[in-house]
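So you can see what is in the structure, the chains are spelled out below.
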Amino acid sequence: MTEKITYYSIDELMAVCLARTIKDGDTVFNGVAVPLPFTAIMLARKTHAPNTVFWGGLLAGLNPEPCFLPPTSGDSVMLRDADPVLHLSQIFDLVMRGELNRVFFSGAQIDKYGNLNNTLIGSPKNIRVKLPGGAGGSHVGSFARNFTIWSVRHEARTTSKGKPVYNFVDKVDFVTTMGHRTDGGDRQELGIRGGGPDVVVTNLCVFDFDEASKIMRLKSLHPGVTIQDVVENTGFEPVIPEKVEDSPAPTEEAIRIIRELDPLETRKRGFSSEALKRRYDL
Amino acid sequence: MGIFPFRDQKIMSLSEAAGLVHDGDIVAIGGNLSAREPIAMIRELIRQGKRNLHTVGGAHGVDIDLMCAGGVVGTVQNSFVGFEADLGLAPNFRRMAEAGTIKVRETDCIAMMVQLRASQFGVPFMPTPVVDGTQILGLSTDFRQITCPFSGERVNLLPALRPNVAIIHAHRADNQGNVKLYPPYFADLLFVEASDKVIVTVEKVVAREELKHMGSNIPYYEITGVVELPLGAHPTSCYPDYSYDRAHLSEYVKAAQGGPEVFSSQYLEKCVFGPRNHQEYLELIGGEEKRNALMDWHQDEGRWRELMLRE
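Here the protein sequences line up with chains A and B, keeping their order. Everything in the first sequence is counted per numbering that gives the first Met the number 0, starting at 0 for the first residue and increasing by one. Everything in the second sequence is counted per numbering that gives the first Met the number 0, starting at 0 for the first residue and increasing by one.
Please keep in mind that the hints were generated in silico from the structure rather than gathered at the bench. Positions of the beta carbon are idealized from the N, C-alpha and C atoms, including for glycine. Some hints here could point you the wrong way.
Said to hold, decoys possible - Just a few of them, taken from the derived set where beta-carbon distance is under 8 angstroms, the chain B residues facing chain A:
1) Arg-93
2) Val-129
3) Asp-131
4) Thr-133
5) Gln-134
6) Phe-149
7) Arg-153
8) Ala-186
Claimed, not checked - Derived DEER-like restraints, expressed as beta-carbon distance ranges:
9) B:Asn-51 / A:His-47: 25 to 33 angstroms
10) B:Met-213 / A:Glu-98: 29 to 37 angstroms
11) A:Arg-127 / B:Val-261: 16 to 24 angstroms
Make the full structure from the sequences, and use the hints.
This is how it looks when you write it as structure tokens:
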């Protein structure tokens, strides 16, 4: 008999929320630095979306069955038991043809329209922090039908001068991946084919986007999180509807699958240690 | 893109092959993130004091960071340089980009593929569906938008990008320059066809008959030079031969986080300038014991997992 699971933690709840953004039959790709989305995609394939067409990173392994999830997405465990391995260019061609349903992006800064910054903090002429870069984010974000945004650091920090610093900002320092609207216009005005971000999953809550303003709208709160917590940790005013749901609790089966999929717990990387300590009853 | 028909001139020494790279060259570095990067050749480029190289490629890690620290890079045109959630930001790359001592030409994995493909196809540019809103377009003259003269549709255009030299690390070659590369290929086969010269370092040179049996996937005439360098991708992986050396990379990142002087004394002097040849490097990193540990990843899952967590 398998042992009863009594609790889950924030990384597991987020993996479940991310997995819910995948529909059965979707084509899904993820590239670089992405242990948590890998967990979510594999979970979706093992639960409600077994026909997800999934490329496991830049190795271009199709529908892999890795025996663990790797800390570096370049590892060949993501080719294990894959359907015949394709060339990376075949994935990118499919993306350009508009046949990718979903991809998962995070950002060092994320703004109210879902614009993502993975390039630099400061300005191009005065770079304060050089970030690694967007990988395929600027182009895949234009071509994919939709993308899910995720962040494990939805929080406010205070600088030594007492100034609050947010990861969810009113305006990103640099647009690496376009969300719904930038200074140049919205997606329709610019003639971009892809629909942009539709769901944002953070360590505090889930957002979708207000249809009219295209600004992030609070959809559900994780256990123990209040609307006030979200507001205090967000550098812009999200749309707060009258009815805000609780993020649905994961099933025991989902948590069991996640722990089997990711025995090295790569999904926990990047979270604050306090966030990881919290245990939620199943 | 160059044609190198003389089969008897392919096998070279490491230093001869590095001599094919000239200061200021556009260099496509093969592999990806933590996998199959030609690091032994990169160490030689640093020892030979190359200057002002312009790297091109997709998502990379220690290769580009080491080239930056070794002083051989002027411009980085890669879509991502870092150690992901595994070991974090690339400290040398970051420091030099912030100080302006290297130029970063922001790009994207798909943009890079399209530009190389234009070169591969022998056309001056390639269109893509509209990409907009991203500010990387404004940082470079590589991005234009026009109306398609046939359909009236807006499209983006990217100019052909033709590296002077591609450097890739592969599994096997014969002494005539035919190459067998096992998956994952990343963008290496594209680099081969889009570049003027191609240097391949390989784990092992095998007899032509043996290579025919494996089925080569890069023809000899694309290859300028072949260098046999077992563990030549170390500390990155070269599956199915060996896993990445996370312990080594972890030490690398710690040294790099200490600043340029610390990195120079603790890493460059020790691992790049210290060993007199590749064999001495292999001894330095742990010899037979290390080699076996990295090559035994497939023995059982427990051993493979353990390699992913080594500090």
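Less than 8 angstroms between beta-carbons is the criterion; does B:Gln-134 satisfy it with respect to chain A?
Since chain A brings a Cβ to about 5 angstroms from B:Gln-134, closer than 8 angstroms, the hint holds.
B:Arg-93 as chain A interface residue, shortest Cβ-Cβ below 8 angstroms:
holds (5 angstroms)
Using the nearest Cβ pair, does B:Val-129 come within less than 8 angstroms of chain A?
Cβ of B:Val-129 sits 5 angstroms from chain A, so the hint holds.
Range hint 25 to 33 angstroms: satisfied by the CB atoms of B:Asn-51 and A:His-47?
violated (53 angstroms)
With respect to the beta-carbon atoms only, verify the hint that B:Met-213 and A:Glu-98 lie 29 to 37 angstroms apart.
For A:Glu-98 against B:Met-213, whose Cβ atoms are near 33 angstroms apart, the range 29 to 37 angstroms holds.
The hint names B:Phe-149 as touching chain A; please verify it with the least Cβ-Cβ distance against 8 angstroms.
violated (17 angstroms)
Taking the least C-beta to C-beta distance, is B:Arg-153 closer than 8 angstroms to chain A?
Nearest chain A Cβ about 5 angstroms off; hint holds.
Answer holds if the nearest beta-carbon of chain A is closer than 8 angstroms to that of B:Asp-131; otherwise answer violated.
Result: holds, 4 angstroms to nearest chain A Cβ.
16 to 24 angstroms as the expected CB spacing between B:Val-261 and A:Arg-127, which holds or is violated
holds (22 angstroms)
Status of the hint placing B:Thr-133 at chain A (closest C-beta pair under 8 angstroms):
Interface hint status for B:Thr-133: holds (4 angstroms vs cutoff 8 angstroms).
Any CB of chain A closer than 8 angstroms to the CB of B:Ala-186?
This hint holds: B:Ala-186 lies near chain A, its Cβ roughly 6 angstroms from the closest one there, short of 8 angstroms.
Checked against the numbered hints above, the structure violates hints 6 and 9; every other hint is satisfied.
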